[in-house]
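If you want the building blocks of each chain, they are given just below.
2 protein chains.
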Amino acid sequence: MSRPRVIIVGGGFGGLNTAKKLAAAGDALEIVLLDRHNYHLFQPLLYQVAMAGLSPGEIASPVRSLLSSYKNVQCLMADVQTVQLNENKMITDIGEFSYNYLVLACGAHHSYFGHEEWEPFAPGLKTLEQATEVRRRVLLAFERAESERDSAVIKSLLTFVVVGGGPTGVELAGALGEISRYALSRDFRHIDPRRTRILLIEAGPRILPSFDERLSQRATRDLEKLGVTVWTSTSVTHIDRKGVKLGNEWVEAATILWAAGVKPSPLNAKLGVPLERSGRVPVQQDLSLKGHPQVFVIGDQAYFEQNGKSLPGLAPVAMQQGQSVANNILRGLKSKPREAFKYIDKGQMATIGRRLAIVQAGKLRLTGRLAWYAWLLVHIYYLVGFHNRIFVLIQWAWSYFTFRRGAQLIVNKEWRSFPDS
Amino acid sequence: MSRPRVIIVGGGFGGLNTAKKLAAAGDALEIVLLDRHNYHLFQPLLYQVAMAGLSPGEIASPVRSLLSSYKNVQCLMADVQTVQLNENKMITDIGEFSYNYLVLACGAHHSYFGHEEWEPFAPGLKTLEQATEVRRRVLLAFERAESERDSAVIKSLLTFVVVGGGPTGVELAGALGEISRYALSRDFRHIDPRRTRILLIEAGPRILPSFDERLSQRATRDLEKLGVTVWTSTSVTHIDRKGVKLGNEWVEAATILWAAGVKPSPLNAKLGVPLERSGRVPVQQDLSLKGHPQVFVIGDQAYFEQNGKSLPGLAPVAMQQGQSVANNILRGLKSKPREAFKYIDKGQMATIGRRLAIVQAGKLRLTGRLAWYAWLLVHIYYLVGFHNRIFVLIQWAWSYFTFRRGAQLIVNKEWRSFPDS
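Note that the protein sequences, when read in sequence, are chains A and B.
So that you can map any letter, position 79 of the first sequence is 204 in this note's numbering, and since no number is skipped, the others follow by simple counting.
So that you can map any letter, position 75 of the second sequence is 200 in this note's numbering, and since no number is skipped, the others follow by simple counting.
Source of the hints: derived by calculation from the structure; they are not laboratory data.
Relax, there's no trap hidden among the hints.
With a Cα cut of at most 25 Å, we get these calculated BS3-like pairs of lysine-lysine:
#1 A/Lys280 to B/Lys196
#2 A/Lys196 to A/Lys214
#3 A/Lys196 to B/Lys280
#4 A/Lys415 to A/Lys467
#5 B/Lys370 to B/Lys280
#6 A/Lys488 to A/Lys467
Please build the complete structure, drawing on both the sequences and the hints.
See below:
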């Protein structure tokens, strides 16, 4: 007798939690997890890789290893091309798969609001490849400035523009401030990294708009202490290799980082279902697709309204949705009715730099050092795998006491692959 | 009054030791260290990055940080194009440099013995980029085998050929044996990684020819215990994407690693001096170029005979040569005569796998567990930087007790750079 097969696409927070919860319930299901990469990435710390604080191996673990104790889970590296909803079938680069249940948890990409031509000049931060590329650009800018004589070029090399005042943009800008003020200040002879100009650009009236106004003001002040200049109500109108146009003002900058918009997976457009305005897939109360109760969509890929507001693209949302889906699949096996998903908001936090963060949870508001310790605890606690936790803790302790960063390598992509790959 | 300027090219073991010793002697000299990369790489552990045991950041540190306490040292990222020996001048991609003393320590590349077309199919192991590429190929081979149905393809994916029976080849083959027997054995559902076929190919009559015959026999037996098949007196006659031809025998293999020959830096050919048969630069007793006493060549780039034998391309040789050159430059400042270089051989060691190594030092011969602990101590001791030492120790302790590896990430090179870079 063959067991019902659940296919989960995506090994992020949503997919991994679905797989774990289903697998822990026993052998009644055959579980297949597909991902384009072989690892689960702890995205909340990705900016640390981009800012030379952590190595890729410290925030990512092979999905295969994370799930190796569950014998009823298979992990495969695959790229999903299309889903044939009416046939319960999926086409991937490693072959066709049929399923009894499908859980789509493919996440999101960066959106340049119709200006995709900006991407090469202003990389986003969603993948390890992008993070090492950002690290390469940031460190190379300092290296090049050190050997440059032309003061206008030096100025451009030491100008960093971060577009987008959400948590990622704030973390990037704050970390740039820290790096230039502390980590690199002793290492250069010709330039003074403390003279680095860092601009954080936000189109709306204030940064971190999902937080209380008071907290976002405090974050702005903290950023300014680290040497970051915050420009709100400012729109990017052009980006090229020389710099960025902010409204009508031209800023020469060798390094521009994009932390502004997200757009959902390109798979969405191929599902043949109506999409929400932002491109996400609207789901029912049980997170299933309308008319396809055997198909669930969760995390950044899904559009789910609660109390009249759409849920944000955060790890806790994806994790809770993964558990809810697993729960409903398991209930189905026992012929129990499904339960509606309800997101329990445990609060949000953003880090700005060394001992500076903001936390908003229920009625609790924390800033400064206390908020930073809270941020630290939560991130270490949720970091996947005992091994990574220890490493990140030590890496941070070392950086904390020495003001240095552990992963300042400029690794090129010079090595050639197989001619055709 | 301007100080005499010493330019050191290359931040490897030779260059770094020259810079440190010169810098520590005070402010009488202006010291400039040029390197194509921004980091010093601890090459003896590079195979660990290739074999997913360590992360790049754990075996490499920015040269700039390693030398930051020496205020009379400047580090610049630069690619040397030519040296004009008669004008004491050098052309690089970041401009011209004149010097009073020049120390060339550019190291070596891989040699394919006139078959450069094999390189894409059989990468060598000299740079971090190559190491992450090798890691990607090895891990991808297992991933692809897991989702493959065709048994001939699976067999090819699970066949690994390592060409070259020197220390690097032995380390790679041994680590492949370990990975497949221990680290990955629990993580796959369709394939059994323990069935992996690993061939170590050596053209000469025995592996590790620089060691005693008894030790190389022991190493062969240890490798066999890890599932490695050792073929000696076997020449590679062809390599392509499908496999490798060994004499007249064709072996289908998806992954081929090259640890056979080295050739010196391409800069040598541009110096306009006669080169030794292998392409290295013959140097005088004080490691200077004949007719150019202000120019020194050290490490893998130099050809130096002692007791009728050329010195091998090992870290201790480069380190001792760097110190000798620094010493002679400092003696020159005090108008003292130069001293001839003499290599003091403290012995050699090679590791095979978990608790398996061989050590040969003077009359001392160690094998097995004791040799492995000795290898561990020496490598941790010489690993540059307190920070890296701690990390590597913990990483190893973790791998040792859990049989897992900490850096099993397949990181692609998909992200695009600036269009023209």
